Amino acid sequence: ETGVTQTPRHLVMGMTNKKSLKCEQHLGHNAMYWYKQSAKKPLELMFVYNFKEQTENNSVPSRFSPECPNSSHLFLHLHTLQPEDSALYLCASSQVGEVFYGYTFGSGTRLTVV
Amino acid sequence: GEDVEQSLFLSVREGDSSVINCTYTDSSSTYLYWYKQEPGAGLQLLTYIFSNMDMKQDQRLTVLLNKKDKHLSLRIADTQTGDSAIYFCAGLNSGNTPLVFGKGTRLSVIA
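From first to last, the protein sequence lines stand for chains D and H.
For the first sequence, my numbering assigns the number 1 to the initial residue and increments by one for each residue that follows.
For the second sequence, my numbering assigns the number 1 to the initial residue and increments by one for each residue that follows.
Please keep in mind that the hints were generated in silico from the structure rather than gathered at the bench.
In this text, all values refer to a predicted model and were calculated from it rather than measured experimentally.
Beta carbons are placed, not taken as given, at the ideal position from N, Cα and C, and that holds for glycine.
One or more of the hints may lead you astray.
[Stated by the list, open to error] One side of the interface only, derived from the structure: several residues of chain D facing chain H at Cβ under 10 Å: (1) P8; (2) K22; (3) E24; (4) G28; (5) Y35; (6) Q37; (7) L45; (8) V48; (9) F51; (10) C91; (11) S94; (12) T104; (13) G108; (14) T112.
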């Protein structure tokens, strides 16, 4: 596998469920990101991890909980979500210090909260 | 912080040129990028330009940067139906702060 892989591709969950989104990068990058893409809104940066340390949390509600166990894996744990949390969740990675190539994105997880 | 603005829709005929425009606010933006998102997919890096450049050409793609007006454009020559997608402009400053994206321009190509 190459690039950035996200699983699952689609997820439907009830408001009382707990689920996790997974992201894995095979590029040797040292930074990983979660973005939220909703209809009619700009891409919203949620979390940033540089060298496994969380460096940004853009006022994201606590019902979203990120985890970065190593530089290749990133998780987004979800619990007691609201219908307005339905969106495409995109993971990206980059090599900090070498911004020439920008970010590499995964295909996203389409989340529907019912 | 950075703010990036784009028009939301553009419709062109197959074979014509498409020009997608973007304005940004942070004059310290060092790198500017164009990404393409096809339906059901993530964002794919199309091209980039450094702030010390005015123009960059890559096959059918031409990027123009006007630093004075903080305006970036992407021209697609001989637009094809496969170019139908959402195009995002994004900026990054030298401090390695995360990319800031515009809302995206939906390009529709009419056969």
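Hints, verified against the model:
1. The interface hint given for D/P8 is violated, since its Cβ lies 14 Å from the closest Cβ of chain H, which is over the 10 Å cut-off.
2. Taken as an interface hint, D/K22 does not check out: its beta carbon lies about 15 Å from the nearest beta carbon of chain H, beyond 10 Å.
3. This hint is violated: D/E24 has a C-beta 14 Å from the nearest C-beta of chain H, more than the 10 Å allowed.
4. Annotation: D/G28 was flagged as interfacial toward chain H, and the flag is violated, the nearest CB pair being 17 Å apart, outside 10 Å.
5. Taken as an interface hint, D/Y35 checks out: its beta carbon lies about 8 Å from the nearest beta carbon of chain H, inside 10 Å.
6. Because the closest C-beta pair between D/Q37 and chain H is about 9 Å apart, less than 10 Å, the hint holds.
7. Taking 10 Å as the C-beta contact cut-off toward chain H, the hint placing D/L45 at the interface holds, the least distance being around 5 Å.
8. Hint status for D/V48: holds, given a least beta-carbon distance of 6 Å to chain H, under 10 Å.
9. Hint on D/F51 is violated. Least Cβ distance to chain H is approximately 12 Å, over the 10 Å limit.
10. Taken as an interface hint, D/C91 checks out: its beta carbon lies about 8 Å from the nearest beta carbon of chain H, inside 10 Å.
11. About 8 Å separates the beta-carbon of D/S94 from the nearest beta-carbon of chain H, less than 10 Å, and the hint is met.
12. Taken as an interface hint, D/T104 checks out: its beta carbon lies about 7 Å from the nearest beta carbon of chain H, inside 10 Å.
13. A cut of 10 Å between beta carbons decides the hint on D/G108: the least distance to chain H is about 5 Å, and the hint holds.
14. The interface hint given for D/T112 is violated, since its Cβ lies 14 Å from the closest Cβ of chain H, which is over the 10 Å cut-off.
When the structure is compared with the earlier hints, violations turn up for hints 1, 2, 3, 4, 9 and 14 and for no others.
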